[in-house]
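Just so you know, the protein sequences line up as chains A and B, in that order.
Residue numbering for the first sequence follows numbering that gives the first Met the number 0, starting at 0 and increasing by one per position.
Residue numbering for the second sequence follows numbering that gives the first Met the number 0, starting at 0 and increasing by one per position.
Certain hints may be false.
Covered stretches of chain B (in silico footprint by chain A; criterion: 3 or more residues with CB under 8 Å from a CB of chain A, positions within the stretch not fixed) [as the list claims (entries may be wrong)]:
(1) 24-32
(2) 121-132
(3) 138-149
(4) 157-165
(5) 195-203
Keep in mind that the hints were calculated from the coordinates and are not lab data.
Values in this document were obtained by computation on a predicted structure and should not be read as measured data.
By construction, the Cβ of each residue, glycine as well, lies at the ideal position given by its N, Cα and C atoms.
Protein chains: 2
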Amino acid sequence: MTLEQITQHILSKKSYLCVGLDTEFSKIPVHLQQQPNAVVAFNKAIIDATKDYCVAYKINTAFYEAMGAKGWQIMEETLHHIPSTHFKIADAKRGDIGNTSAQYAKAFFETIPFDAITVAPYMGEDSIKPFLEYKNKFTIVLGLTSNKGANDFEMLKTGEKYLYENIIETIAGWGSQENLMFVVGATQANQIASIRNIIPNNFLLVPGVGFQGGSLKEVSAAGLNSHVGLLVNASRAIIYAGEKENFAEDASEIAKQYQVEMAGYL
Amino acid sequence: MTLEQITQHILSKKSYLCVGLDTEFSKIPVHLQQQPNAVVAFNKAIIDATKDYCVAYKINTAFYEAMGAKGWQIMEETLHHIPSTHFKIADAKRGDIGNTSAQYAKAFFETIPFDAITVAPYMGEDSIKPFLEYKNKFTIVLGLTSNKGANDFEMLKTGEKYLYENIIETIAGWGSQENLMFVVGATQANQIASIRNIIPNNFLLVPGVGFQGGSLKEVSAAGLNSHVGLLVNASRAIIYAGEKENFAEDASEIAKQYQVEMAGYL
C-alpha cells in the first residue's frame, strides 16, 4: 500500500482510526468461547462491525504467539478477513542483526502479507534497513512509547537531545515518508508537537488512546499535518466494549464515536 | 532450569558452547531438502551431532517465523528434540508494554517451554518485568550487540556512561543472577571487561564468534567469572560447516573444536 492510498482512504472515510486486535481467548464473550475457532470468529465479527469507521487494523503478534502455532494460523485467517482497502499492521516490535531482520521482513511482508510492521530501534541501522528495502511496505519504528517504562531509557539525555529524539531524527534519514513511520504514544501528547518539528512529513502511529488514557483531541491537535500524517490506535477500548451477545454492535458504536470525533479534527 | 544446574552442566562438559539453530531451508544440504519436514530432520541431526560438546541451544525465531505457522510447528518439534540437560534459549528479541510482554512471556515460557528468551530493552521496566516474574526462567536482555548498528544508539553517551552501560546497570537492579543475563557481542571483546565490572555475577550470552569474526580467546579472558558466567554462541559456523551428506559430522567436528578450546580456558 502507498502513502497516497492511505491518505486518500483517510480523507474519504473521514477517519484515521486504527483498530488493534489484541485478542485474548479469556476476554472474548463466553458464548463465543464455546464454538470452534472462537478467536477467528471474534476477530471477524469485530472487523465486520468496525471496518466502516477505521482505515487500519493492527494485529498484536504477542497475543497470537501465546497460542503457539495455532495462533499463527489464527493471525493469518484474521488478516485475510481484513478488506484490501485497509492498512494492515503487524505490531511485532522486531529487530535483530541484518540477516535476521531480513527473515523477519520476509515473515511479515511475504509469508503473511502485512502492509507494515513495528520495529525496535536499539540495534541500529542494519537491524532496520532490511525492512525498508520492501517497496510499498512501511516500517514503523518505536519512537516514544506510551508506557511508564518510556521514562527509563527513551527519555535519557544524549547530548542536547533525548534519546527518542536522537533515534527519530537519525532513523528518519534512513528512509522517507513513503516507507517509514514512527510510534509515538498518545500518553505523551505534549511531546508530539516537538516530534512533528523533527519529522514534519512522516506518519505517526499513536497507541495509548482509550484504555491507556491518552486524549484524542490533544494528539490530533499536535500530530495532524498537511497530508493527515496520523493513525490513532485503540485496542481494548473497542474490541472489549461489550461482553455479551451484542459485543460487535458495542464495538461498532465505540469505533463510530472515534470516527465522528476524528471527522471534526480533519 | 536454575543457575546452579547451568553451571554444573558447563563444568561437567567442560564447555560453555551454545549452538544457534538459525536454520534456513535454502541453506540445508540438497539431499535433505527433498524429504518431508526437512528443517526438522536437519535440526535433529545437528542436535544429535553437537549435544556432547555444547550446553545450550539458541533458536532464532525469525528463521521459523519466515515459514509462517508451519515454522512454529518446526520450532516446537526442534525444541522437543533438545535433551532436557541443555539450556534452551528463544532468541526472539521481544519487548512491549506490560500486558503485551506478559503474552510474549506466556508464548515462550509456557506454550513453548524454553528456559530463556532474549529481550530488547528500549521500552523500559514494565516491558521486562513480566518475563522476570517466572521462576527458573531467564530473561536475556540486549546489552551491547555484535552488529555494526551497535554504534548508532547503543554507543551514544548518556551523561558519563554509554547507553548500553546505563541500560545494563539499571536493568541489573530489576532482577538477579538467578533470572537475568545479558547479550554482549563477541565483536566487542574490548568492552566485555568493563561490562564485567558493572555486572560481576550475571551470565553473558555472547554471539558473534565464528561467522561474525569474534575471538573466543579474547571473549573468554574478559568474560569468565567465578561461576563461569559465560555462554558463547556460534550458529552458521557450526550448522553450515558442511554442505554434503556428512554435514552432521562436519558440524560435530567444529563444535568439538570449540569445546576443546573452551576446556583450556575453564
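- Message: Taking the earlier hints as the rules, which of them does this structure contradict?
- Response: Numbers 1, 5, in rising order.
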